[in-house]
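2 protein chains.
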Amino acid sequence: MILLSRPEIEALVDLDAGLLAVEQAYIAASQGRATIPPVGYIAFPEAEGDCHIKYGHIAGDPIFVVKIASGFYRNPSIGLSTSNGVMLALSATTGQLEAILLDEGFLTDLRTGLGGAIATRALCRPDARRVAMIGSGIQAGMQIRCLRRAMKDTPLTFTLWGRSQKRAAEIADILAREGIPVETTDDLESLCRSADIIITTTPSREPLIRGDWVGPGTHITAIGADAPGKQELEPSLVAHAGRRIADRLDQSLAHGEFSTAFAAGLIDRESCGELGDILSGTMAGRENPNDITIADLTGVAVQDIAIARTILDARRDRLDKTGAYLST
Amino acid sequence: MILLSRPEIEALVDLDAGLLAVEQAYIAASQGRATIPPVGYIAFPEAEGDCHIKYGHIAGDPIFVVKIASGFYRNPSIGLSTSNGVMLALSATTGQLEAILLDEGFLTDLRTGLGGAIATRALCRPDARRVAMIGSGIQAGMQIRCLRRAMKDTPLTFTLWGRSQKRAAEIADILAREGIPVETTDDLESLCRSADIIITTTPSREPLIRGDWVGPGTHITAIGADAPGKQELEPSLVAHAGRRIADRLDQSLAHGEFSTAFAAGLIDRESCGELGDILSGTMAGRENPNDITIADLTGVAVQDIAIARTILDARRDRLDKTGAYLST
Numbered sequence: 004m005i006l007l008s009r010p011e012i013e014a015l016v017d018l019d020a021g022l023l024a025v026e027q028a029y030i031a032a033s034q035g036r037a038t039i040p041p042v043g044y045i046a047f048p049e050a051e052g053d054c055h056i057k058y059g060h061i062a063g064d065p066i067f068v069v070k071i072a073s074g075f076y077r078n079p080s081i082g083l084s085t086s087n088g089v090m091l092a093l094s095a096t097t098g099q100l101e102a103i104l105l106d107e108g109f110l111t112d113l114r115t116g117l118g119g120a121i122a123t124r125a126l127c128r129p130d131a132r133r134v135a136m137i138g139s140g141i142q143a144g145m146q147i148r149c150l151r152r153a154m155k156d157t158p159l160t161f162t163l164w165g166r167s168q169k170r171a172a173e174i175a176d177i178l179a180r181e182g183i184p185v186e187t188t189d190d191l192e193s194l195c196r197s198a199d200i201i202i203t204t205t206p207s208r209e210p211l212i213r214g215d216w217v218g219p220g221t222h223i224t225a226i227g228a229d230a231p232g233k234q235e236l237e238p239s240l241v242a243h244a245g246r247r248i249a250d251r252l253d254q255s256l257a258h259g260e261f262s263t264a265f266a267a268g269l270i271d272r273e274s275c276g277e278l279g280d281i282l283s284g285t286m287a288g289r290e291n292p293n294d295i296t297i298a299d300l301t302g303v304a305v306q307d308i309a310i311a312r313t314i315l316d317a318r319r320d321r322l323d324k325t326g327a328y329l330s331t
Numbered sequence: 004m005i006l007l008s009r010p011e012i013e014a015l016v017d018l019d020a021g022l023l024a025v026e027q028a029y030i031a032a033s034q035g036r037a038t039i040p041p042v043g044y045i046a047f048p049e050a051e052g053d054c055h056i057k058y059g060h061i062a063g064d065p066i067f068v069v070k071i072a073s074g075f076y077r078n079p080s081i082g083l084s085t086s087n088g089v090m091l092a093l094s095a096t097t098g099q100l101e102a103i104l105l106d107e108g109f110l111t112d113l114r115t116g117l118g119g120a121i122a123t124r125a126l127c128r129p130d131a132r133r134v135a136m137i138g139s140g141i142q143a144g145m146q147i148r149c150l151r152r153a154m155k156d157t158p159l160t161f162t163l164w165g166r167s168q169k170r171a172a173e174i175a176d177i178l179a180r181e182g183i184p185v186e187t188t189d190d191l192e193s194l195c196r197s198a199d200i201i202i203t204t205t206p207s208r209e210p211l212i213r214g215d216w217v218g219p220g221t222h223i224t225a226i227g228a229d230a231p232g233k234q235e236l237e238p239s240l241v242a243h244a245g246r247r248i249a250d251r252l253d254q255s256l257a258h259g260e261f262s263t264a265f266a267a268g269l270i271d272r273e274s275c276g277e278l279g280d281i282l283s284g285t286m287a288g289r290e291n292p293n294d295i296t297i298a299d300l301t302g303v304a305v306q307d308i309a310i311a312r313t314i315l316d317a318r319r320d321r322l323d324k325t326g327a328y329l330s331t
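The listed protein sequences correspond, in order, to chains A and B. According to this note's numbering, the first sequence is numbered sequentially starting from 4. According to this note's numbering, the second sequence is numbered sequentially starting from 4.
Source of the hints: derived by calculation from the structure; they are not laboratory data. Ideal Cβ positions, reconstructed from N, Cα and C, are used throughout, including at glycine. Among the hints, a few may not be true.
Unchecked claim - Some chain B residues near chain A, calculated using beta-carbon distances under 7 Å:
1) Ile45
2) Phe47
3) Pro48
4) Gly52
5) His55
6) Ile71
7) Pro79
8) Asn87
9) Leu100
10) Thr325
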């Protein structure tokens, strides 16, 4: 049985392998090759907390993954992170526990970053350069790191806006130390008007991005809205888009960025698609350079499976290379 | 974060504390003080395996528990146990992972044994002495150990019948080495006819125990039937009982020992009760010494919570006593 701590997991991250694995996982899900049971949920209203259990299996994979992820919203007041998490990998042929990844939520942040990068790369214009990153949390940095890697042959520029100027500057500093130059701005409207790519990563409960700020040909990847009541884009902007793609359409229409426009009757299910179908070529991606395209990502268990497998594969490869055959 | 292996867990078992904790957990569940979401499930038909995820929280408890339990039915052919399991204890106030119990299914066996002992003690006649144990698997031994402890002031005698005489003798040998005398027999009918208490622990898919073998005043605790198609008692025996009690009535009527009689219209929901209500005194238990009473146990997440907490409490107490304050 393998037990990996967060630092050990971070040392095993390979963004290229992660991008490939998450892309293949999206395709498997859209092709019906993944078993994804309903997400388990338990709430702790007195503690302002809840816990989600996501699990699933991709046909042919040697492992299946169970992810337990909690959010307790009073934690910051006692110096703890709101989010926590652990992933378990079990053998899909014997049921034995193969690995415990004590990632403390890091792998969820990472697979969300990889998913955003894959969606953005798949749908933005080939000549897109200017990336507007909306939000100043962990996910803003993760999206930038992953997109830069996913589009490493494209000279992207990143400008970050956050409700907190201080936090935005901190994220920019962290990325600068990693060799990724990021500008910051306090002018959200101008940032959106000049962007080729807009990525939203906030927990906003009302639209931040107005439709008339978004020019033709812009691609938007919406990450933040993943629960009822959350919303980052004006519904008219969602309705106006030439392509609406979700990682999992059921979730997006129920409680993701598309849900408000869907509930208002501004869009229908048939006018939306799934990312896996774009990636596999079953459905066309961007068809017109002047289209606004929107990808809404609410998170799918196949991403968790893919990222856990990537970490475990990297560990095995490293052991193979060093000749250090630790107990597995 | 606490990580306990199976041997470490076994060394921390305290049957008295476990009996008390599981009894209180049943009462909490019946009084609506427990959150028990639907059981998660994923199947692996190609490997003849499946995995259940049981989780829940008892109001006021500092922890909640997630149990992942798998059954892969080809495992014995490669020398592995069919069942595997791990329990995670997380803080109900911060969501942080507090403990991983690598029990390999042992705690499920134990809490099932404790639940059976609690039900048997609550419903058998005060003068019951002769216990017929039906089945020769791990659970037969567990029921005997736990019942002996639960009724330690009563001079119970145990006689065991199993489809495999060899395995029955092995279980009796193991218990003899633990100081628990157990007879074996190959005559199931005579065993049932002479018993005050019958405990069934087999995976049988057709009735093993006939109604006319069971005398007035007998108590039966049925453990084996926990999934559609499994059945140990004749439906007419279930229908004839003066008291029918389940740990969780919904489960028992859907896929437990009561389900066949219920589906056939031989019993109705109103004629059954829940164990927690008997234990709390809300519902009367045995009312007549000549009644046949039946307890059907299919397993509830509150048992998992109770047993995990018992192990973690025992660990803390032991550290306190030895003065060895290891990292928690």
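_Would the hint on B:His55 be counted as holding, given a Cβ-Cβ threshold of 7 Å to chain A?_
Since the shortest Cβ distance to chain A is 11 Å, the answer is violated.
*Should the hint that B:Pro48 touches chain A count as held when the rule is a Cβ pair under 7 Å?*
With a closest approach of 10 Å, the B:Pro48 hint is violated.
*Hinted contact B:Ile71 with chain A - closest CB pair below 7 Å*: holds (6 Å)
_Less than 7 Å between beta-carbons is the criterion; does B:Phe47 satisfy it with respect to chain A?_
holds (6 Å)
*Using 7 Å as the Cβ threshold, decide whether B:Ile45 counts as touching chain A.*
holds (5 Å)
*Once the shortest beta carbon distance from B:Leu100 to chain A is found, is it less than 7 Å?*
Interface hint status for B:Leu100: holds (5 Å vs cutoff 7 Å).
_Does B:Asn87 hold up as a contact with chain A if the rule is Cβ-Cβ below 7 Å?_
holds (5 Å)
_Proposed interface contact between B:Pro79 and chain A, which counts if any beta carbon pair is under 7 Å_ = Since chain A brings no Cβ nearer than about 11 Å to B:Pro79, farther than 7 Å, the hint is violated.
*Close enough to count: is the Cβ of B:Thr325 nearer than 7 Å to one in chain A?*
violated (25 Å)
*Was the hint right that B:Gly52 lines chain A, CB cutoff 7 Å?*
The hint holds - B:Gly52 has a Cβ within 7 Å of chain A, the shortest such distance being about 5 Å.
Hints 3, 5, 7, 10 from the list above are not met by this structure, while the remaining hints are.
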